[in-house]
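Asks: Chains as they are written, first to last, in the working numbering: chain W, 751 to 834; chain B, 6 to 543; chain R, 105 to 171.
Please note that the accuracy of each hint is not assured.
Some chain B residues judged to face chain W by a derived CB distance under 10 angstroms, without partners named [what the hints assert, rightly or not]:
id : residue
1  : Lys11
2  : Val64
3  : Lys66
4  : Ser307
For lysine-lysine, the following PhoX-like pairs were computed, each having C-alpha atoms within a straight-line distance of at most 20 angstroms [stated by the list, open to error]:
id : chain 1 : residue 1 : chain 2 : residue 2
5  : W       : Lys772    : W       : Lys762
6  : R       : Lys142    : B       : Lys265
7  : W       : Lys784    : B       : Lys265
Rather than coming from a laboratory, the hints here were simulated on the basis of the structure. Bear in mind that the values here come from a model prediction, so they are computed numbers and not experimental data. Heads up, the beta-carbon is just placed ideally off N, CA and C, and yes, glycines get one too.
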Amino acid sequence: MELQATIWHDGKNWVVEAEGFKVKASELDELDRKVASLIKSDPYFANKGIRRVNMFFDMMTIPQWMRQYMQHYFSRIIELEEVK
Amino acid sequence: MSQEKKGWTYGMLTQEDWWAVWIGGFFMILGLLSVWGIDLVGWITYPKIWVFKMPEGAVPKKIVPWYQAFYPLGAKYSLTAKKFWKSIGPIGGILITYVAFTIPLCIGAYFMRWNVRQFFLGWTVIFFLTYLCWFIGHHAFFAATTVHLKKSNFPDMFTLSLGGGASFILALIVGLIIGNFFKPLARFLSEAAKPEWYIKTAIVFLGVKVGYLPIKMATFSQKLGHKVAGLTFELFLAGAVATFVAYLIFWPGIYTISRKIFKLPRKTAAVLGSGISICGVSAAVATGGAVRAKPVVSIMVSALVVVYAVIELIILPWFFTYVWPGPEGALVAGPAMGLSVKTDGADAAAGELLDELMRAKIAKDTNGAVQWPEGIITVSAVVTKLWIDMFIGLWAFILALLWCYVVECRPGEKVPAIEVWHRFPKFVIGYFAAWIIYLTIFFGPGHAGAPEGMAILKAAKAGAVPVEKGMRKLFFMLTFLSLGIITDFKKLKEAQFGKMVWVYLIGLFFFIIPVACLISWLFHQGMELPNIAGMGIE
Amino acid sequence: MAEEKKKEVHGTGSLSADALEAEDVLSGAEPWEPWETKLVVGSFIVAFIILLIGLFIVPTSIINAGG
């Protein structure tokens, strides 16, 4: 099963938010590890059988004047089993 | 914050790109109704060249007294409601134009979750300021060319011969003055100073122009109609190939200069490579996302892009018109502009200015013996940019794969293929749809300009002219003004940009622009603009 | 809400990048690696191939239209 999450950057850290949890890390590798360990350890997510997280970038991070030029930064998929 | 899956329909109601399609498409459809005899677009009010006092013996034809400086286009072009549009007069026309655009733009602003009140107030100021610039810029001293003077039976007098270009330059200057010297006002207007939104909408209107050009020419001569239809296809093909070649030279060139000479980190070099060489801010954001750079990289590059784009807009149209390649290479200059000037707004604006300057110069140089139809040079500048815009999504996807699987191999990370679509410039759909629809009318019921199709072509013309001429020019004017308002030259001085300013300067003027000129010259060598002097075509 | 907070920091519509940390944008260049050479050279080669093909297929090119 997939979990839909939002990713953004607060100036210092990458932040992932989904279904009540919020994880921060300065690098994406570390972020992925934190997300994977949180989902694996939380019974709520374990029961749901979450194997994949879809992260969609929240364009609020990008200043408003820039959004008129390009309205998509990135989205990424994380396969939790493969995160090390 | 919702966390639903973002499918292919994502952003249809919340992104400027889509709103350019909806608004551009809406007015295009209103214009199309003229085929069935319904004229709903004749209100768009357009300027004429004017003087305070007409000289003795002069005829108010191309140059008119000041109180006739604006007229609803329907008063001239409508087949079914000419009298009505004439009766609303210039003031009524401007007010209807204001209301007709304010409503859809505010609806768009609402769905894009902007501050609608702030947008409405800013838009109102920008709209009327635009019309004021349009008025002043059309004074005969700035705008009148030899042809205008002759046709209005004016005595020989000195004018700047800038054609419609004077208004564009004035709008840009007014915008820059506000953006650089009246910053509180610039902030107040910022919610509505959206050059990219306006230009994307204008580009949809330009699609109407490209499709309508053969129709316009065919109403004078079937042969000319065919020639222009062929020319638009040539621009489409040559523009595509030139863009691919240029892109694949530009990006690695700037990347190498940034990395080897200026010792910049990889991600910064990649984002800068796209920003300088491709389509400016949109490329910087797309590449920044693709290589997973922190947003600050794209933000810094973008701040530079908008300033440099305006510098290019100020310099290049004059350079291409008066230094190289001049009017004999007008269709080399247009695509070179598209390849050189970053951001759609600045490029289309520069193309439009080039169109005005080139046409005014050729008319002056030949004493009116050579005149070109308006808009083809603009189209040549925009076509290359559209290809670039479409290509950035693909290139960003390639970089994303490279970064994800080769450069920074993060276990478990995948790049979704829908990224290409999310980064696709949706307004391009509106441009091509408009082009194809009008071309279908030309080749279908219009019988490619044969006498049996003439009635329908004339009916289509009545609805197309207000859109491709009036609305397109108005949105170009809005773009010039808004570009000026959001451009703050002081940003270049900011120390934190450091060597990025120099990479940009050197990369742009010593690599990008010369290569763009060379590639454009290689592919557009055989193109010729049709001479319409003496045919009664405006 | 996090969204509100983000609006305060980033949604101002200003050109400034002050709210974001910029120190690692210009410094800390990594050494040039072989894949970068491959990417750059590969891109130039593809450009050259498209250029050659394009010059032949585009009717208005310098080859077909003459200089």
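Asks: Run every hint past the structure and note whether it holds.
Replies: Hint check:
no. : hint                : verdict
1   : Lys11               : holds, 5 angstroms
2   : Val64               : violated, 45 angstroms
3   : Lys66               : violated, 40 angstroms
4   : Ser307              : holds, 5 angstroms
5   : W:Lys772 / W:Lys762 : holds, 15 angstroms
6   : R:Lys142 / B:Lys265 : holds, 15 angstroms
7   : W:Lys784 / B:Lys265 : violated, 36 angstroms
Checked against the numbered hints above, the structure violates hints 2, 3, 7; every other hint is satisfied.
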